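Trainee: Could you build the full structure based on these sequences and the hints that come with them?
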Amino acid sequence: MPLLAVVLAGLAACTGPFPQSTLSPKGDFAQTVDHVFMLTVYLAVGVFILVEGVLLWTIFKFRGKPGDAEPKQIHGSTVVEVIWTIIPAVVLAIVAVPTVQAIFKTAEVPTVSADGKAPLKIEVIGHQWWWEFRYPELGITTANEIHVPLNRTIDLRMKSIDVIHSFWIPQFAGKRDVFPNRETRIWFTPNTTGAFPGACAEFCGEEHGRMDFYLMVDSPDDFASWTTRRQADSTLDNFGFAKPAVVAVPVVPAIPAKAPAAALVADTVAIDPKVAEGQKLVMAKGCIGCHSFNAMHPTKGVIGPNLSGIGTRKMIAGGWLEGSDENLKRWLQHTQEVKPGVGMKIGPVTDAEAAAIIAYLRTKR
Amino acid sequence: MATSALEYGHATAAKRSVLVEWLTTVDHKKIGIMYGASAFIFFLIGGLEALVIRTQLMRPDNHLVTPDFYNQLFTMHGTTMIFLAVMPISAMFFNFFVPLLIGARDVAFPRLNAMSLWIFILGGLFLNFSFLLGAAPNGGWFGYAPLSSRMYAPGHNMDFWVIGLQILGVASLAAGVNFFTTILNMRARGMTLMRMPIFVWAVLVTQVLVLLSFPVITVALIYLMLDRTFGTSFFNLTANGDPMLWQHLFWVFGHPEVYILILPAFGIVSEILPVFARKPLFGYSAMVFSMAFIAFLGFGVWSHHMFATGMGPLADSFFSLATMLIAIPTGVKIFNWIGTLWGGSLQFKTPLYFALGFIAMFIMGGLSGVIHAVAPADLQQTDSYFVVAHFHYVLFGGSIFSLTAGAYYWWPKMFGKLLDEGLGKAHFWVMLAGFNLTFFPMHFVGLLGMPRRIYSYPAGLGFDTLNLLSTVGAFLLGSSFLIFSYNIIKTWRSGAQAPADPWNGATLEWSIPSPPQEWNFAVEPIVTEKDPLWGLKRAAGVKVLPEPPRVSGEGIHLPAPSWWPLIVSVGFLTFLVGIMVKHASAFPFGPISIAGFAITLYGIYKWAYEPVDGHAPTT
Amino acid sequence: MTTAALDLHAHDAGAHHTSMPVPSRKLAMWVFIASECMFFATLISTFVIYRDSHAKGPGPKDVFGVPLVTAGTAVLLFSSFFVVMALNGAQQGDRKKLLRWLSLTVLCGVFFVGMQVYEFTHFVTEKHLGYTTNLFASSFYTLTGFHGTHVAVGTLWLATLLKDAWKGRIPPAKALNLEIAALYWHFVDVVWIIIFPVVYLMSLGR
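Chains as they are written, first to last, in my numbering: chain A, 632 to 996; chain B, 92 to 710; chain C, 44 to 249.
These aren't lab readings, by the way, just hints derived from the structure by calculation. Source: prediction; values computed, not measured. One thing to keep in mind: the hints can contain errors.
Cut-off 25 Å, straight-line C-alpha distance, at most; resulting in silico cross-link-like pairs (DSS-like, lysine-lysine) [unchecked claim]:
id : chain 1 : residue 1 : chain 2 : residue 2
1  : C       : K139      : C       : K206
2  : B       : K440      : A       : K703
3  : B       : K697      : A       : K692
4  : A       : K905      : A       : K916
5  : A       : K905      : A       : K960
6  : C       : K210      : C       : K104
7  : C       : K69       : C       : K217
8  : C       : K210      : C       : K69
9  : A       : K696      : B       : K634
10 : B       : K697      : C       : K99
11 : C       : K140      : C       : K210
12 : B       : K697      : C       : K170
13 : C       : K170      : C       : K69
14 : C       : K139      : B       : K581
15 : C       : K170      : C       : K104
16 : A       : K752      : A       : K945
17 : B       : K697      : C       : K104
18 : A       : K703      : B       : K697
19 : A       : K696      : B       : K516
20 : A       : K696      : B       : K440
21 : B       : K634      : A       : K703
Mentor: What follows is the structure in structure tokens.
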């Protein structure tokens, strides 16, 4: 690790940080992998230096000079050949034992988390080219951004609805392919809070390069708050409208146009005319044909990514663009240029319309 | 370049035009040259594709090419470099040198050999023709179903790939039968198996791999073609088709294919090192058995390409350990190469430079391969740029360095001219620097989490600088082949005439004139030991044998030229293209297919009854 | 070292010496057969994987009828014997024997191909098992279809040799031409000996 870090620092000093690095594990799975990887790397680097050194020395030492006599004609030596068959075998045995241990250790999902609770089950569904996440125990559906609590083992069960994808969050676990008709699993226990990028690692078609996502490791309190907000979405119908049965409207402060999303709450719909306009446009433009704002068991709007909490998501467009107003506007107006081939087809959107839609989306937090 | 060979062609077949001469030739040397020339052109095309890829990845969020075109580029880059560059450049050496090294006048089946060549060239043109339609294959060189199925890959892109690979597979299989038979049966008197030049052993083992692995991919491609064209469901999910079936079939072929690409390189380097160290190959039998062992293990490790599919701990452990085992015979080879150099008197000519470069780079690729064998570590590295770095160290640092070494080594024998040494060394140093600048940073960008096959990457992940370095390196690497091309042109125009034996060679090809006469050996040689030419020189007490005279070939019977290999190849291509362009109809084959099939059948029939011994050269 | 390692002045011993005690064409046929083994192994494995995939449409038990296929198997087995007799005739220069047994072999080939055409037609029209009905059907037709194509090619090959034999062009010195075709024919036969139990009998016994 330190060795690689030094080389890395030298090579890429000006480009850090490395949020997608495999070399800074932040969970048990990735740490297990990292240990056996680093062991192998140290051995490999040692062998590399040794063998290349001998090679270079041989080249230098036995360089021919004019007038050299014919060198001694040696055809081989059984003794040295046996020796240099055995030495690599021994080195490999040193690698093989921890390899098999690590294979078995990573194959089993722990039954109890570090925080003493049962592992949190999350269903991962790969789509061309975005990720859907479902929390069966919490009833939540979301897209392109997974929230998990610190120190809880996460038990991911994965499927694809189309082609083969591969789920990869380098700082937490290795890749696991996601198949259309076969469930695969991977797990990890995060030990650091923060936002960590992940990506699809199996070539899956035109936009494979832009099928990213973020893992949000929250403190238990933040996770509980996020869960509560998602579950509150059940007060919305599939289209994001407040269900008639819900009457209690919390009082909220007025919203400045560029307010940070955290200052907003869902029910401001009723207050800001721009937001109301945005909501109408979301209907009129047909967004709700594919998207739902309801995280709780949506039955309609399930073709595209679920937009529950879209107003506070770090990234949009398949984990590809920062979720700024500017990017949202660009996405709404130039979808096929930002991500050619993506399934989202939306008619022309004027600047005013985009602003209204964004104002509405910002209320989804 | 080929001047002398061409002049010679005129002399032997005065009545035939040069074009007809080359189209109908069954001479393994002409076929070898055509393999080399066409493969080098395909190699340059594949290189250009790589340069566009690298330019696109030069900076984050770049928009030089569309995502779909990027996908076409990397699919065609991989497919081209494997099937249209490294394999046929190796085939050039098989063709030209296997008969010379074993003291034969031609291969066992000269017309079949010509057919392999034509099918390969037609298949390569067919694959690249797709670019003109804007529909080059875009599903990756591994064509994973269901992404390659009609549902997710409408359009003809993947049809070109499926059909093109089937065409190329037939060329390889025919060549496999031919060279296996040639090596076992056409050796000079006294050349027992364990006296064969090590390159011939490498070819023999390679052909075993071709013969046993290509049928598997052929069947997989047939299934995919049937799915795409006839509506079957071998890989169709809605009908319970299993996408894992494709992966298993593909890699049962795909891993032996890796050794098909590297074993000839091992063989070439094993020929060059002794000549330029002036001492025999260290541990000849160990070298032979390690190649055989690598090939054997090569059939038992395919699933190490599939660790991320979650096969379960037992399968992962098995394939991890089996893969590690391959490091043992590979290590033996590297140590034996160093043992060959040890105590020698190294003659620093260009071929030795490239051969040493091969060893140095291949060690790197081999060691990163061991890291991949560790299944849990591979979960992090597979499908990342680390893997891209690894296999380029094996296939470029290994195969291409060695094939280039072979080109400099055997060029004088092929064309009678010595390539320029100064330009050759410049080529080497630029290539070595460019290669490492391109691919060494990829190890790190991969470990930093950059997946493969992505057409762009966002800023802020720390990929920028390393990618820029790789791009600069790629252009340096590309320019090294400009030096090589210039060297070829310069040599062609004004290169020094090569003697029969410019390097003090150990093997039979150096005993005959450069370039060889059509019948190779005026008199069939008799061999009594390994390195027969060294033995002869030692027995005669000379350092260089007298220049062999160019003699009359009177009385030597050579196989007659034939049109049928070309006709059969065209018929076969037509048959498969017909399947591709067939539109939905009740009958599974359209008129084009039927015509192609008829041409093929008729061609084989006429071929079978064509007299073979009608050609006695007169010089 | 007294003898030269390489004698460049030896006399050309002439005609086609081979390093192994087997003619090159025969060796090549063996090599080709080895390669073909992998081809059929892949096809048979796929069938075994997919034979139970017939949620839609008929399955093995609904379509396979043993008597006809057994007849085809027997015919193919006999034809292997016939071609051996024909080869024996060719090697002895016994033209009548060659012609008699070789025509019988060709007839067997024609019968087998005819049997398969009938079987396929029967499956498609009577049993409604189309090529794309289900995966069992696709893998069955692809496997047996490729085998049938091999039989057809072999039959054509033997038929051209029959024509040669008729014109007296297969003297004992050229018996190798027939021997190689016979080798191929035996291989095609052996593949069927595997297909018959694995595809028909084992699918029925499940």
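Trainee: Each hint needs a verdict: does it hold in this structure or not?
Mentor: Structure-based check of each hint:
At roughly 13 Å between alpha-carbon atoms, C/K139 and C/K206 fall within 25 Å of each other, so this suggested pair holds. Between B/K440 and A/K703, the direct Cα distance comes to roughly 21 Å. Compliance with the 25 Å bound is thereby established for this hinted pair. Proximity of B/K697 to A/K692 is assessed by CA-CA distance (about 61 Å); at most 25 Å being required, the pair is judged violated. Distance check on the hinted pair: A/K905 and A/K916 sit about 16 Å apart at the alpha-carbon level, within 25 Å; holds.
Distance restraint check for A/K905 and A/K960: the Cα-Cα separation of roughly 15 Å lies within the 25 Å cut-off, and the hinted pair is therefore satisfied. For the suggested pair C/K210 and C/K104, the alpha carbons sit about 48 Å apart, so the restraint of at most 25 Å is broken. A C-alpha spacing of about 13 Å is found between C/K69 and C/K217, which places the hinted pair at or below 25 Å, so the restraint holds. Simply put, C/K210 and C/K69 have alpha-carbon atoms about 24 Å apart, close enough for the 25 Å limit, and the pair holds.
Simply put, A/K696 and B/K634 have alpha-carbon atoms about 16 Å apart, close enough for the 25 Å limit, and the pair holds. At most 25 Å may separate the alpha-carbon atoms for a hinted pair to count; B/K697 and C/K99 exceed this at roughly 47 Å. Of the supplied pair hints, the one linking C/K140 and C/K210 holds, its CA atoms being roughly 14 Å apart against a limit of 25 Å. The hinted pair formed by B/K697 and C/K170 fails the criterion: a straight-line CA distance of about 42 Å is larger than 25 Å.
For the hint linking C/K170 to C/K69, the alpha-carbon distance of about 43 Å lies beyond 25 Å, and the restraint is violated. Under the criterion of a C-alpha separation no larger than 25 Å, the hint pairing C/K139 with B/K581 is inconsistent with the structure, at around 67 Å. About 11 Å separates the Cα atoms of C/K170 and C/K104, which keeps this hinted pair within 25 Å; it holds. This hinted pair checks out: A/K752 and A/K945 have alpha carbons roughly 23 Å apart, not beyond 25 Å.
Distance hint between B/K697 and C/K104 is unfulfilled; the C-alpha atoms sit about 45 Å from each other, more than 25 Å. Restraint check for A/K703 and B/K697: the C-alpha separation of about 57 Å exceeds 25 Å, so the hint is violated. A threshold of 25 Å between alpha carbons decides the hint, and for A/K696 with B/K516 the separation of about 19 Å falls inside it, so the pair holds. For the hint linking A/K696 to B/K440, the alpha-carbon distance of about 13 Å falls within 25 Å, and the restraint holds.
Taking the CA atoms of B/K634 and A/K703, the gap is near 16 Å; set against the 25 Å cutoff, the hint holds.
In the structure shown, a violation is registered for the earlier hints numbered 3, 6, 10, 12, 13, 14, 17, 18, in ascending order.
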